[in-house]
Amino acid sequence: MFAYTGKILRINLSTGKAETEPLKEKMAKQYIGGIGLGFRLLMDNSKPGTDPFDPDNPLIFVTGPLSGTMGPTAGNGYAVVSKSPATGGVAESKAHGFFGPELKRAGYDAVIFTGKAEKLVYAWIDDDSVQLLDAQHLKGKSPYETDVAIREDLGDHYIRVSAIGEAGEKLVRFASIINDEFRAIGRTGMGAVMGSKNLKAVAVRGTNDVNVADLDGFKEFIKMIHERMKGPATRKYRTLGTPENVLVLNALAALPTRNFTQATFEGAEKVSGEYLNERYVAKIIGCATCAMRCDHVAVVPEGPYKGSTSRMEFECLWALGPNCGVDRLDAIIEAMRLCNHYGIDGISTGVTVGFAMDLYENRILPKGKTDGLNLRFGNHEALIELVKKIGARNGWLGDALAEGTKRAAEKIGKGAEQYACHIKGLELPGYDLRGLKTAALGFSVSYRGACHLRSGAYSPDVKGKVNRFAIEKGRGKIVKDGEDLYDVIDSLILCKFSRGTYYDGLEDMAKYYTLATGIEMTPDELIRAGERINNLARLFNVREGVGTREFDSLPPKIMNVPIPDEGVAKGSVVNKEEFELGLDDYYAVRGWTREGIPTVEKLKELDLGRDAHIVRKGGKK
Amino acid sequence: MKKVRVQYLGLIKNLIGKREDSFELEDDASLSELLNRIAGVYGEPFQKEVYEPGQKDVKMGFVATVNGVLIGQLRGVDTQLNNGDNIILMSLMTGG
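For the protein sequence lines, the chains are V and U, in the order given. The opening position of the first sequence corresponds to residue 1 in this note's numbering, with each subsequent residue numbered one higher. The opening position of the second sequence corresponds to residue 1001 in this note's numbering, with each subsequent residue numbered one higher.
In short, the hints are calculated from the structure, not lab data. Take the hints with a grain of salt, since some may be wrong.
Just so you have them, the derived chain U footprint on chain V, three or more residues with Cβ under 8 Å [said to hold, decoys possible]: (1) 223-237; (2) 391-402; (3) 447-461; (4) 525-535.
Note that the Cβ used here is the ideal one computed from N, Cα and C, for glycine as well.
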């Protein structure tokens, strides 16, 4: 095979044994790579009902077919797949940078970690050589400190490292894995699964070529993509970056504020992309093989957080800012730096802090349980301290919140669940779903929990293509089409910022795939693969008992608390009737039952017949 | 005559170097007349990136609202404007 290495590495952390097995062409074509291949390997290498922190839960690092090539934005990614400690369902997250291509050049399409090391170790993959090395001296270090230390220990600056911080070691359920200082496998708690295996880091050095099938054609194609990347499709990412969304969403009354209490933020100007770029952005950098350059690295120039440095993008800025009522960018940058330091997801962290502040304001969180913090919305010092407590599981509150909003609400009681903004256990990103209702449907059915990146269903809402204040028949198809396409994108591991450069959509993507791999792929086959991958992810959730209609829900604040802000969105809330209509519409277009379970016929149609026993048994054994 | 307020956000604000304007328009003016006026004032950079006079929509990557409502849910650039209307020209929201 071209582009693929044809090799899967299996490392048992309990025994220290490493072995390889072949990746067959049929599996490669059916599941593409990235999250698709990861889901297949997860399904085939795990038993139903396995706890996410059980040594038998596999942690799978996967590259894409284009990883390691010179393809822009697709040449530099990798994904991590497992069972999520946040949702109990299927988990995936992707990151770009430089780690993914290095892993591919080391010779692997995927690495499956199973078992648990006796003490903290890191995996050192040097082409064919695989070793587990002592990492006791790295305990408590941040991902970046770990990265630097490993490169120094091994004496090779060009080693690439993907590592967890203290939060992963302490099983914070939304712990991340970070490579290249700021690039995070952020969502669904993959860092905690890594920590549960006593695996501090994966260090790789790859010196093999990744050969493509049609070199001339491939070069011509990526030259065209590079040209398009200079145009309007990526302009926003190259200039102000995604923080430009702050004022746009605020203007649409769709910027969740103070834990989804309001939909506009009076301090929006002070935390806007415009303000950030004028005062804090010190440099803009890019990933391997990418000419877009979107990483806005911000540095605080003065004040109490002077010197604090972090990559900034919209979601985490929103979560740690408006969602906590904080209007100081210096504090938000420091909070984000701390998220990177401990290795925790910035979205889930900010939403969890906002949840705690909401409980405090509503007198649900008694003063004795606040770890001594004044948790009023807008208190930036409390934000900083609480992020530290969560990252290190310090104090009663820090430890409770490290479980995520769903479990923390159960622990706190007194109706706290009414304030917990999550879907399936994963915290919401920065879109007020009360006024973006296609997005509301899309978020609710996402297999990894609340997520804007599983379908992009906010897009028709914010373009004005649909009435964003209603769920109507037809939205199910919009969500399904978006999901299948995003499953393709995340299996090829194309950077989503570049999605606009594929002017001919699936046709471009299929061509890209075929030029690289030599495997004929039509646009129809590609989108069918996306549908297969989505159904497989849903099947995993069905198998684990979290994949039916009752789990496709929305948080109480989205269903019960109308938007209070004056203006076009005032009074909007998702009502039960329209939501149920949306679910029916979505399941029908998916070919699933009214309970949201894929039918045997649908599975056979997608060549997933061998997994049909899961739906015949009705899920978990 | 009627008077409307126009706000520019993000890239558009940076492009024309201005945060907001107010324009006086004929009584029967629609959004397209307003956009043509803005295109005339700010010339080629605005026309090249945001809106070309006579076109039926703003360019890819941008949206407009009239009193908070996206023009896709109104009559597009044919939307009639009223005295005191607030128009916002801004980038399309995209996540990632």
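Hint by hint, here is what the structure shows:
Counting residues of the region 223-237 of chain V whose beta carbon lies closer than 8 Å to any beta carbon of chain U gives 5, which reaches the threshold of three, so the coverage claim holds. Coverage of the region 391-402 of chain V by chain U is violated in this model, with 0 residues showing a Cβ closer than 8 Å to a Cβ of that chain against a need of three. Counting residues of the region 447-461 of chain V whose CB lies closer than 8 Å to any CB of chain U gives 5, which reaches the minimum of 3, so the coverage claim holds. Counting residues of the region 525-535 of chain V whose C-beta lies closer than 8 Å to any C-beta of chain U gives 0; at least three are required, and the coverage claim is violated.
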